[in-house]
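Chain B with the ligands: place on chain A using the hints.
The lines below spell out each chain.
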Amino acid sequence: MTQHEGITRRGLLGMVGTAAAAATVPLGGGSAAAQPDTGEVTVRMTVNGTATSLTADPRVTLLDAVRERLGLTGTKKGCDRGQCGACTVHVDGRRVVSCLTLLATLDGASVTTIEGLADGDRPHPLQRAFVDQDGLQCGFCTPGQIMSAAAVIAEGRARTDDEIREQMSGNICRCSAYPGILAAIRQARTEMR
Amino acid sequence: MRSYAFERPGTVTDAVRRAGSGSAFLAGGTTLVDLMKLEVMTPDRVLDINRLPLRGLDTTGGGLRIGALERMSDVAADPRVRRAYPVLGQALDLSASGQLRTMASIGGNLLQRTRCGYFRDVSTPCNKRLPGSGCPAIGGENRTHAVLGASGSCAATHPSDLAVALVALDAKVRLQGREGARTVDLRDFYLLPGDTPHLEHDLRPGELVTEVVVPALPWARRSTYVKIRDRRSFEFALSSAAVAVRLDGDTIVEARVAVGGMGTRPWRLTAVERALVGRRATEETYVAAAATAVEGTRPLRHNAYKPELMKRTLVRALLELEQTR
Ligand SMILES: Cc1cc2nc3c(=O)[nH]c(=O)nc-3n(C[C@H](O)[C@H](O)[C@H](O)COP(=O)(O)OP(=O)(O)OC[C@H]3O[C@@H](n4cnc5c(N)ncnc54)[C@H](O)[C@@H]3O)c2cc1C
Ligand code: SF4
Ligand code: FES
Ligand code: FES
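Protein chains in written order, with this note's numbering: chain A, 1 to 193; chain B, 1 to 325.
What the hints contain is simulated information worked out from the structure, not anything from laboratory work.
The reader is advised that the hints may include incorrect statements.
[Said to hold, decoys possible] Derived DMTMM-like pairs (lysine to aspartate or glutamate); straight-line CA-CA distance at most 20 Å:
id : chain 1 : residue 1 : chain 2 : residue 2
1  : B       : K37       : A       : E68
2  : A       : K77       : B       : D34
3  : B       : K37       : B       : D121
4  : A       : K77       : A       : E115
5  : B       : K37       : A       : E115
This is chain A alone, in the form it adopts within the complex (with noise of 0.2 Å):
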């Protein structure tokens, strides 16, 4: 992984995003026999309401292509591994984690991510809640939180705190901020409500 993270997080995608026609560098062997076509896939979806199309290596996953491609660095890459949920966005409505997502599975998805949560200059009653709750120290795992968050209170999953805490237990806070965030649900779901 450090080889992709290397090349293909700071140099692949970025020369991908100026040189667009510029042909796919290939990482890694693969099979010498018979090579498959590795080439780009062009992917069309929605991010936080506005339609956008990315051509990518297939290998790229979401979580590197919203915060690379597109800018929007609010998700978090923990730990790359499905283990920590800092990188938890929506896709169609539903809670994911984006390091295990391949952007090139999205065609025609909705995505929606920390930045587009808020009404405008309105901060969502999450937002509001986490600060209002103290639900964050540093601040890493939070918009992880609030993503999940925000989809348990929606799936109607957040009615005790054991159910709250259960529910959560994809979202880990190194600064052990959990009691805060419980708070926060809580809070928040009165207002979701």
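Just chain B with the ligands, lined up with the frame of chain A:
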């Protein structure tokens, strides 16, 4: 990550036709993308099967049929599943995280790979990942490894919670290959490691799982799944138990018992079932029956706690079932 060609077949026939030994089907991607990043899996073609019509839950004619591409969270939330097979809903609810359950498919869940740390680390040998390279787990870190079904070549556990519940329910998988369709008992679908731990299941190259079929079992309304792990949520099982019991008055007349976290594949415990049947549903009965579960276990250096934990997990599951009488 190695490069690959990305294709989106539109029909089952098309998907199966394109598939071969170097290809991988992509459903939710929560195993495949993870393992491609680690270069544990290096397909040269990724076939995104999400456009295939392998969706839906069907209860007509008794039993339950689940399309392979149904998502874990949707199946868990379905009232028909919750009512008729609580053990399934609970096994799914207790798996992974909310985000992962939203993404992950039923078919992919059954085909997820072991979480053995050596398997996931390409800088170490591993017979499952690289046949013949050796098994560092057997003489190394093996706290989470199997006490049932292991060989001298591999002691990795099968990580799926869902599979444990399905094995208890005698579920079958429908498979579709180029040569046609066939149905296999999930219990026989998973292979013991033996000398060939890289062969994990009875799926021919390019074959697709299309459906999971759960036979009708009216008394599975009294069933439950108990999962013991290092933390309370979002963790794989150290131990788990899927149990269903049919009572006549106070007497157990039929039972289904399977455990997870213990075996190299989801492990059905027919000896425990036999030890339950014909006896009164009391804690004494459960303890005596659970004791038969540890026969044949072979602990390694760091997992000697597992047989005892298995017994206790079974007893707890059977006691919890009493609450639902
Ligand atoms: C952090 C983390 C925690 C987890 N915790 C748990 C847990 O507690 N309990 C648990 O049970 N699981 C757990 N999982 C595993 C998770 O449930 C699986 O990754 C998921 O179910 C796989 O489904 P998928 O659709 O994403 O599969 P994919 O990743 O798309 O595919 C998995 C494999 O199956 C193949 N495949 C997929 N669909 C088919 C098909 N229809 N026919 C033939 N082959 C197919 C793919 O080629 C691939 O080899 C966890 C995963 C992560 C990342
Ligand atoms: S237990 Fe199996 S998966 Fe783990 S290192 Fe040994 S051979 Fe590999
Ligand atoms: S970065 Fe995606 S879950 Fe950690
Ligand atoms: S606020 Fe720092 S990780 Fe959660």
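Outcome of the hint check:
1. B:K37 / A:E68: holds (18 Å)
2. A:K77 / B:D34: holds (14 Å)
3. B:K37 / B:D121: With a Cα-Cα distance of about 11 Å, the restraint between B:K37 and B:D121 holds, given a limit of 20 Å.
4. A:K77 / A:E115: Holds, because 15 Å separates the two Cα atoms, which is no more than 20 Å.
5. B:K37 / A:E115: violated (27 Å)
In the structure shown, a violation is registered for the earlier hint numbered 5 alone.
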